[in-house]
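K.L.:
Here the protein sequences come in this chain order: A and B.
Following the UniProt record's numbering from start to finish, the first sequence increments by one per residue and tops out at 304.
Following the UniProt record's numbering from start to finish, the second sequence increments by one per residue and tops out at 265.
Since the hints were made in silico from the structure, they are not lab data.
Small disclaimer: the values here were computed from a predicted structure and weren't measured.
Every residue gets a Cβ at the ideal spot worked out from N, C-alpha and C, and that includes glycine.
FRET-style restraints, in silico, Cβ to Cβ:
{"no.": "1", "chain 1": "A", "residue 1": "F263", "chain 2": "B", "residue 2": "I126", "range": "53 to 61 Å"}
{"no.": "2", "chain 1": "A", "residue 1": "S266", "chain 2": "B", "residue 2": "R112", "range": "49 to 57 Å"}
{"no.": "3", "chain 1": "A", "residue 1": "G233", "chain 2": "B", "residue 2": "E24", "range": "53 to 61 Å"}
{"no.": "4", "chain 1": "A", "residue 1": "P283", "chain 2": "B", "residue 2": "G151", "range": "25 to 33 Å"}
Where chain A lies over chain B, by a calculated footprint (3+ residues, C-beta under 8 Å):
{"no.": "5", "stretch": "87–101"}
{"no.": "6", "stretch": "112–122"}
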Amino acid sequence: MGVAINGAIEQGLLFAFLALGVYFTFRILNFPDMTADGSFALGGALAAKLIIGGWNPVTATLAAMVVGAAAGAFTGLLTTKGKINGLLAGILTMNALYSINLRIMEKANLPLLREDTFYTMIQSLHIPGIGVISGEAIIFLVIVLLVKLIMDWFLHTDLGLDIRATGDNSKMIRSFGANTDRTTIIGLALSNAMIAMSGAFIAQYQGFADVGMGIGMIVIGLASVIVGEVLFGSRSIFRASLAVIGGSIVYRLVIAVALRAGFNPSDLKIITALIVIIALTLPNVAKGIWKKSSKAAKGGKLDA
Amino acid sequence: MLNIRQVRKVFNAGTVNEKIALQEINLTMAPGDFITVIGSNGAGKSTLMNIISGGYLPDQGTIEIDGKNVTKLAEHQRAAFIGRVFQDPMAGTAPNMTIEENLAIAYARGHRRKLALGVNAKKRKIFQEQLALLDQGLENRLKTKVGFLSGGQRQALSLLMATFTQPKILLLDEHTAALDPKRAQLIVDLTVKIVEKNKLTTLMVTHNMEQALTMGNRLLMMHEGRIILDLPQEKKQQMTTKDLLQAFEQARGGEAFAEDRFILA
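Let the hints inform the model, and build the full structure from the sequences given.
P.N.:
Right, here's the structure in full:
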């Protein structure tokens with residue numbers, strides 16, 4: 001179990017970039033961005049291809065981020081300039097990316113055996129771990145927190161305030177001179193850069209990129225966001241982005257426990273869906289029960 | 001300051017639902033003019049506001065603000081010149097952002113948004129001074145999310161956000177209509193105070209005839225997309241709400257609908 005927890009924490013930290021990206025679109029920009037499945041695999045595919053081609057893993061990961069940002073910007077252009085419904089715009093990009101990812105990889109699966117990856121670089125540093133937290137996890141944590149802090153800072157700049165207001169009240173922010181088309185495109189680009197970064201890291205971590213590696217990533221990201229918010233709160237941006245990282249780790253731990261309990265890896269998608277459904281409905285159900293019990297306490301006389 | 005020439009706007013042109021919202025409107029506002037606009041539902045008051053703000057583009061005609069032709073500019077491009085307060089207290093502020101963050105957005109009006117912190121010590125001091133003018137105790141609640149404020153407080157904040165960067169034109173779209181009488185009076189008083197202090201060129205739509213007569217220096221009455229009455233200060237001062245109602249019925253060709261009486265009373 002110790003090894004499983006170790007791995008779950010490492011994965012949780014690498015998937016936290018995905019969760020931060022999903023948090024950015026779904027919560028900050030209030031945009032249901034379906035690009036994520038495509039941009040995650042895009043990040044993995046491009047990083048793997050470049051590493052095999054002899055690129056430094058760090059520059060390969062950065063390149064994956066840039067291309068992820070372009071994918072997000074494309075969805076943004078479809079929905080703002082092309083006036084395509086936001087959900088559909090994301091789905092269209094996601095679909096198109098599947099073909100693009102296959103073009104990049106030239107086959108469905110790219111193994112990174114004996115390649116120098118970001119992960120092997122960190123492993124070679126032999127950083128001592130602390131308890132269940134491995135030395136590698138410590139490095140991952142540092143990078144995640146760095147990205148989180150940059151995101152927190154960015155969302156408090158003038159441009160960041162505009163992006164947040166675009167998600168909060170787009171009519172209002174237009175009346176103050178912000179171009180909401182521009183803020184939407186920038187927001188989607190930044191979000192998908194983080195998601196592609198997550199894909200690039202995961203490919204290097206697991207030692208291969210697969211064309212199907214992005215399937216279900218939106219739901220996993222959402223699960224992390226929702227679980228994190230429920231468990232750790234979301235009063236401020238600083239708190240919420242920390243909660244999202246925590247949510248990503250908790251999600252991986254739950255999955256590790258589920259696998260331990262005898263579920264098949266193929267069952268993970270339905271487990272993830274159930275986690276999201278429970279986390280979303282539980283507050284309402286709990287409210288209903290509380291209402292009923294308070295009614296009962298008052299003798300059941302109140303109707304409303 | 002504002003010059004509207006032959007502006008026409010038709011919705012759903014060529015369909016059974018065709019609606020001529022504005023018919024060849026001409027309107028000139030001198031700097032410092034405070035015009036109140038009344039008219040029944042569907043008269044074109046809100047369309048006029050949206051045509052000025054850039055929410056709608058006119059089918060024909062030109063709009064100039066301070067000598068600059070803005071007819072083809074989008075809403076966010078015109079925002080540098082125009083401050084606006086909406087009827088819905090929820091519309092003018094971002095509820096999940098704090099008071100100081102909302103003010104920072106308003107403060108950036110007319111500037112290019114940069115990658116510098118939106119709220120800093122210097123700006124915070126300005127915000128506190130400005131909020132103190134509202135007399136709502138908001139200057140001590142800079143980090144409160146706007147969603148926690150009452151409708152009246154949000155509208156007061158909206159008014160401040162729309163005005164403290166001294167826009168060329170201030171548009172008030174029935175901005176007291178959604179408030180209870182006490183709060184509405186408070187916002188009216190604040191409006192007069194702020195407009196006078198900053199000498200803002202203001203266009204205010206209202207359903208309240210009393211407000212239309214007591215506030216501002218000029219009164220417009222609209223009906224079916226036209227300006228049917230334009231009262232300068234001297235005439236306006238002598239009028240009562242009853243006179244105004246009569247003038248309205250006359251201008252409409254004598255047809256007096258109890259419905260309109262109710263709306264305008």
